[in-house]
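Asks: Using the sequences and the hints, build the whole thing.
Top to bottom, those sequences are chains A, B, C and D.
Letter by letter, the first sequence follows residues 1 to 337 in my numbering.
Letter by letter, the second sequence follows residues 338 to 648 in my numbering.
Letter by letter, the third sequence follows residues 649 to 1147 in my numbering.
Letter by letter, the fourth sequence follows residues 1148 to 1467 in my numbering.
Don't read these hints as lab results, they were simulated from the structure.
Within a straight-line C-alpha distance of at most 27 angstroms, the following computed BS3-like cross-link-like pairs (lysine-lysine) qualify:
id	chain 1	residue 1	chain 2	residue 2
1	A	K176	B	K571
2	B	K417	D	K1299
3	D	K1259	C	K723
4	A	K176	B	K593
5	C	K852	C	K838
Ranges between beta-carbon positions, derived for each pair:
id	chain 1	residue 1	chain 2	residue 2	range
6	D	G1314	A	L318	35 to 41 angstroms
7	A	I194	D	L1317	54 to 60 angstroms
8	C	R770	A	V136	39 to 45 angstroms
9	B	D484	A	G58	25 to 31 angstroms
Computed from a predicted model, the values in this text were never measured in an experiment.
Here a beta-carbon is modelled for each residue, glycine too, at the ideal position from N, C-alpha and C.
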Amino acid sequence: MTDVPIQMRQDTTQDTTNERFRGGSPLVDLLSRGGLAIAILAVLVYGSLTSPFFFTTGNFVNVLTSMAIVGIVVVGMTFVLVVGGLADLSVPATIACGAILSLALQPVIGPVPAFAAAIALAGLCGLISGLLIGYVGINPIIATLGVGTIVLGIVQAAVGGVIVYGTNPDTAALVKSRLFGIPVIVLIFLAVAIIGHFVLSRSYWGRWTVATGGNCSAAEASAVPVRAVKAGAFVITAICSGLSGALLGLTLQSARPLVGTGYEFSAITAVVVGGISIMGGFGSVPRAIAGLVFVQLLTNVMVLQGVRTPVQGFVLGLLIAGAVALDVALRKRGGGA
Amino acid sequence: MTKTKTGMIISALALLASVGWAQAKTVCYVTAADAHAYATPANEALEARAKELGIEVITLSQNFDVQTGTEQLNTCIARKADGIILWPLDPQAYIPGLARAQQAEIPAILINSPMDEQADRFIVSFTGPDVYEEGEMAADSLNDALDGEGAVVVIAGQAGNGTTIGRVGGFVDRLTEVGSKIEVLDTVNADFDQQKALVVSRDLITRFGDGIDGVYANDDTMARGFIDAWKEAKPGEPMPPIVGINGQKDAFVSIKSGEMYSTIVQSPVEDGKLAIETMAEILDGKEVDARLPIPLTVVTKANVDSVEPAF
Amino acid sequence: MSAAATALRMRGISKTFPGVKALSSVNLTVEFGRVHAIVGENGAGKSTLMKVLSGTYLPTTGTTEIAGVEVRMRKPADAQRLGIRMVHQELNLVPDLSVAENVYLGRMPRRWGLADKAAMLRETAVILDELGATIDPKARLGDLSISQQQLVEIAKAYAAAPRIIVLDEPTSSLSEHETAALFRILRKMKQQGIAIIYISHRVKEVLEIADDVTILRDGSMIDTRPADGITVAEMIRLMVGREVTNVFPKTPSEIGAPVLKVVALGDSYNFRNVNFEVRKGEILGLTGLVGAGRTELAKAVFGLARATEGRIEVDGKPVVIGSPAAAVRAGIAYVPEDRKDEGIVPSLSVRENISLPVLRKLSRFGRVSMTADRRLADKYTKEFSIMPPDPERRIGLLSGGNQQKAVLSKWLSADPSVLLLDEPTRGVDVGAKAEIHRIIGELVAGGMAVVMISSELPEVLGVCDRVIVMRDGHASAPVDRAALSEEKIMALATGEEAA
Amino acid sequence: MTMLARLVRYRVTVILGLTLLVASLTVPGFLSISTLSLGLDRGATIGIIATGMTVLLIARQIDLSVGSTFALAGITAVMLQPAIGIWPAALAGVLAGAAAGAINGLLSVVFKVNALVATLATMLIFRSIAHWLTDSQPVPGTDIMLSVALSKIYLEIFTLRSALFVGAILLLHVWLTRTVAGRNLFAVGSNADAAEASGIAPGRTVFLAFVFAGALAGVAGVLQSLTTNTGSPVFGAELIVTVIAAVVVGGTRIEGGRGSALGTLGGVLTIAALTTAMEFQSVPAYIQQVVSGLILILLVVLDRTVRPGPRTHAAAGASG
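Replies: Below, the structure written as structure tokens:
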């Protein structure tokens, strides 16, 4: 541990406080807390003014359905960012794992065991990353990049690279069905979000997660099993992505190894736009989902307006940079002494 | 220590886990990818036929990355291969590499996708379907389905990808050429991905609703995405005619059930076989044609039972 | 440098942050060739004043003269150009560079456009030798001990041939022995005509080294006077604004059966074959030079570090402690030395910090009971009069003393039978210090066993029942309170059989 | 030093040697000048970008947008050819890369956005601009014969870009270990506060590191465009993983403060040798992925778990 920068050993209260947590003026406070709500509202108003299709039940169900799959990943990714784990870049691999196995194993062991096995195996990938990060102390970016590459390679080798098709149309019908007019997949997403929110904000595991992200050494010295907590965040993300992938596989009734490409960045974007610091120690599932809602609505508005794909990427990039820069600026101005 | 060893053994095994060395003619095959619905059967067919012909094939996978491919051409030249079969993913970028191959007196042919005319002088032949032609055939098919009039949406593959460019370009040019009154409402990219196609289709359906008279998808996978989105948004309503490309099994099922109007079959097996056979002839010193197409078949409800799906 | 000029003259310096007046109209005059001490409690404005002097802050009002010339410093580089060098309490060193590169950081000599490594190594060796430090100039800084690093920091300031050198709590990680060495160095610098500004909490040290003393309180200057003739009590009175009679009161308590017994414990690197036991109602002092292995020993007992040999017994039964959680189960608690780094999670509230070690006990089916959580926080907030009395406040916003009280609460919530305290009053101001001692006194009176690590000999002598002294990883036999003296402890700590 | 510690310290060399050994045993004629030349050329694009990334990682920053910068610079260099000529256009491409780096630096230094997030955003932005400029079509250059000329092999070993890569690495090595600015870079990456208190401007250092990384990604992108006579918006989409792997395999720490140019050279050559050797054997790309992933993880785990004695890194720190 000789590489740890030399710490201050004297009390300088003003300086020890993380900038993020200083009180500020009411206006700044409102902006930083309610900024996202205001932004969502603005998109809603703009959308309904410019497109007659925007403010329709059909469109909202459409937006919800589209965000369900990535939303489940967002719930997991929130844990990774809050625990101070930077990001999980193995998401595409774990999604592929979930999607391919849930379909490929169907004829062998039946749809439900296949579903469970797919998620469990995805969780195992997360466990490997988690062990490397929590117990060996490898940088999360490197660990998840490496594990993701390996897992994706194995998955491709296992299926010989071709598309795996579903053999049980009933499962597809189940996943695509609706309950009270809401697609089942959306309900699953909401359930995952509620469980995730409960775990992060109400359970001791969640408190441990926040504490580990806030100050890992202090949490460790407070008898928090920080290694397990860090590893756990990656297992949670992997299970979420596995579930996401399995649902995706069942919906599409086909799965390719590259099915999960891009989901890691979409999830990180949502969490970051939700105002959750990449440095950890702060954040909640509802915030992350608010970020996701904003991104999805904005994309939806752009699509309805016929904005070209490259421009959408441009706007999304600006949004990420802008959201974080604004967050930093607001907190600094609110900081004062 | 053990860990080091394990790693080394794994890398050693990876190096050894491949075909041995034989004193046969060696052909370097730069393929698009080795894990892909179309490319994998094409690769397998090519390799199987090569074995029959007694030709050694070194398969290099670009994994859909042009830059990797351009560098792999150098590997082929350095390896002093007797011939090069290239699956181009870009109409331009391989030209210098092909020129170097020519300087090294290694004959090269293209498989599956065409390149710009400038490349012609560096290659001996181009075997395979013509993606531009496929676009044209799709335009004709959709023109038939709509009686030459209506508003359509185009679900395209990856932006900047050679296949996308050919299939969209051929489609649009053909419509103009035949003076069709079909209007393209919008062209969106869904990266040959069913899920992305599903998402963009939902948005297209919300946006244009019943204004969509027809759909052209750059491949059957993405056509599937549109079908799912339509069934989700407008259950029970009749599907607008959808034209796809590739001739996948599930597209055949959809054509039979009336969910799709047509697809264009191009057989990856034929594609792979033709390429290696052409190369074998070149290596034997025979003359070959500069353009050797594989058959493309438009499949509609009329002939769906008599044609084999591609994969 | 004209000998006649005054090294530093600050007039009417004020610094206002939004909502806070950190300094109000402070005057400070420092002469060349003298040691000028600045004392005051935490929050008195010492650090702010020094940040003004080092160019980190621009004062709201006021003027600064260096050697008779009025200057305006906007960034640290400005101050350095004027010959002002800081020795920070948070060491400003780069762990990944060599000692020599650290000494010359920001002003490396060049030769043909390249960094002149040979010259750096040569000069650094000379300076370290002059300072009496045996450190390899080529060593990677991060591999040195904290006190060695402190010496490098001083060497770095000295090597720049400064006109004014500012030392901010330079002895906080030095042992008494090393402090004595530092004072020799300071006297030497003084003779070279360097003006030395010396900031410290440690009143006795200040009186030993300083020629002049300036006392700050609540951002205002209380007084500047020659160090001769001030007594410890008087100085403390000026700092806190009241007379503090007994600095380290000892609360009587009944000593019972042994609770924690450590047998032949070692980690084969920092400490070896350590034996001690601590009894119910007893405060066992653990002292020695920094780097003697005290903190490592405490961490091993608490499961934060691994012991490779020996065993630990609690209440006569051997226990295996592989993690802090296991230590908590065995009834052992540890208040770490480094509060900011290991004590608190600044982003969490006081309540959330206090319940951290016992969360699982407060939970049913994984869910934390908010009622139990709040009850716990309320209890300790009241009992220890944590200010402000709001358990929902983020702990990072509290003062050091109150943070320390919250950290103590955190551990008491785990209901331990043994409490390991690592420098519990370091960086805590005089008032809070007394309060922490009162709490510790109450705890032992209630039957708890306490192991207290401290470098501050008066504190050790004042509150401990028995003391063991560590030197180079080995522990002495316990010395009873009756037989204790500063000389005795120093002799054991340095291995010099004096006294 | 124990045997194991020695192995870990020279792990890059060990792996590189082993790769070469196994390859030479299984592929006749593998160990030849032409293979070396090929390996260098294969590594050059990755290597030039990795050279810039080394500097950034030492400064405790990261740039995920290099792949997009690579494409953007190439497009600039090709699109401007008809207007201002090949070489001015190439220069413009490099400048475009530097400008992209400056934007990253600006976001990171002035707006204080975490580098990971900032460059994730610019990765999307630059890629979008590349698509927008080209309308998602590859753009052909004006002189195809130049491309052929550029790929010529000099002294039987170097192509233009592999010579540039090796030159850049050697220059960087001298800069990192011998110059004051290079040492200051380590100081900023290791402890920015201390560096600032010592009169070094960390903001400026970090900003310039971003510009440098951007410019080198630009150089690589321009060279790619010139040798392929094409500017394409999809170029470089898969680069970032390999680049970071090469730098990290070379022993540069992602947490800043430690790293070396020669290590990066080793890392790049290892990856290039591995790729070439496996391609010579027709090992499928996914198996190649598994092998590179395993090697990356293995090296980093060894780095973490085996402490080669307290002085080893000191020596590395002091002498480069």
